[in-house]
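Taken in order, the sequence shown gives residues 4 to 151; the numbers are from our numbering.
It should be emphasised that the hints constitute simulated quantities derived from the structure, not laboratory data. Treat each hint with caution, since some may be false.
Unchecked claim - What follows is a list of derived Cβ distance ranges for each label pair: (1) N27 x T125: 39 to 47 Å; (2) A116 x G75: 16 to 24 Å; (3) L119 x R80: 20 to 28 Å; (4) A124 x F34: 24 to 32 Å; (5) Y56 x T120: 32 to 40 Å; (6) E109 x D86: 43 to 51 Å; (7) T125 x H91: 31 to 39 Å; (8) V73 x E51: 37 to 45 Å; (9) T54 x A117: 29 to 37 Å; (10) H55 x V76: 35 to 43 Å; (11) G75 x E118: 28 to 36 Å.
None of these values were measured; they are calculated from a predicted model. We put the beta carbon where it would ideally sit given N, CA and C, even for glycine.
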Amino acid sequence: MTKQPSPWEQLRPWPDTDPGFRLNPDGTARFRHAGHLVDVLVRYTTEEDRTHYSATGDEANVIVFASVDVGGVTVGRSWWATDWSNPHHMHDALAYVLPEAVGEAERTVDKMAAELTKIRATRQGELSTRATRATPRGARLSSLALLG
Numbered sequence: 004m005t006k007q008p009s010p011w012e013q014l015r016p017w018p019d020t021d022p023g024f025r026l027n028p029d030g031t032a033r034f035r036h037a038g039h040l041v042d043v044l045v046r047y048t049t050e051e052d053r054t055h056y057s058a059t060g061d062e063a064n065v066i067v068f069a070s071v072d073v074g075g076v077t078v079g080r081s082w083w084a085t086d087w088s089n090p091h092h093m094h095d096a097l098a099y100v101l102p103e104a105v106g107e108a109e110r111t112v113d114k115m116a117a118e119l120t121k122i123r124a125t126r127q128g129e130l131s132t133r134a135t136r137a138t139p140r141g142a143r144l145s146s147l148a149l150l151g
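Let's have the full structure, built from the sequences with the hints guiding it.
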């Protein structure tokens with residue numbers, strides 16, 4: 004079985020076939036969109052992809068994935084199946100996945116912030132901040148004196 008060449012390993016002989024961005028040798032790239040870093044991965048579709056991502060038709064031969072991470076946690080994702088050989092389709096795929104991933108990341112962070120606010124408003128949340136509350140030095144020493 005011969006290894007299928009990666010799309011980014013193939014030469015683009017005409018300038019009009021350039022999608023306007025470059026990928027690393029492993030098919031990845033990083034873009035800044037709306038103040039967020041977005042990691043992009045482009046890879047060939049598989050039969051499983053065609054089922055899972057509803058990538059139908061022969062023209063969808065690659066999938067463009069985008070993800071936004073905050074502190075090592077992925078908070079936004081997006082994908083688009085497209086045709087590698089058509090630079091307009093590749094450009095459109097990138098134009099779709101970048102704002103979608105950023106939008107999902109912002110919605111996720113907003114939900115997390117609202118949930119954190121709700122937790123802090125509860126009795127359990129108030130107790131959980133006890134370790135971070137400033138305690139006057141004198142009060143701490145007098146508490147130790149009572150124990151001794």
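Hints, verified against the model:
At about 46 Å, the CB distance of N27 to T125 agrees with the hint of 39 to 47 Å. One distance hint, 16 to 24 Å for the beta-carbon pair A116 and G75, holds here, with the actual separation near 18 Å. Between L119 and R80 the beta carbons are some 22 Å apart, a value that agrees with the proposed interval 20 to 28 Å. In this structure the supplied range 24 to 32 Å is violated for A124 paired with F34, their Cβ-Cβ distance being about 37 Å.
Between Y56 and T120, the C-beta spacing of about 35 Å keeps the proposed range 32 to 40 Å intact. A hinted range of 43 to 51 Å is violated for the C-beta pair E109 and D86, which are about 30 Å apart. Distance hint check for T125 and H91: the Cβ-Cβ separation is about 52 Å, which falls outside the suggested range of 31 to 39 Å. At roughly 29 Å, the beta carbons of V73 and E51 sit outside the given window of 37 to 45 Å.
Taken as a hint, the range 29 to 37 Å holds for the pair T54 and A117, whose Cβ atoms sit roughly 35 Å apart. Checked against the given bound of 35 to 43 Å, the beta carbons of H55 and V76, roughly 23 Å apart, lie outside it. Take G75 and E118: their Cβ atoms lie about 19 Å apart, and the range 28 to 36 Å is violated.
Of the hints listed earlier, those the structure fails to meet are numbers 4, 6, 7, 8, 10, 11, in rising order.
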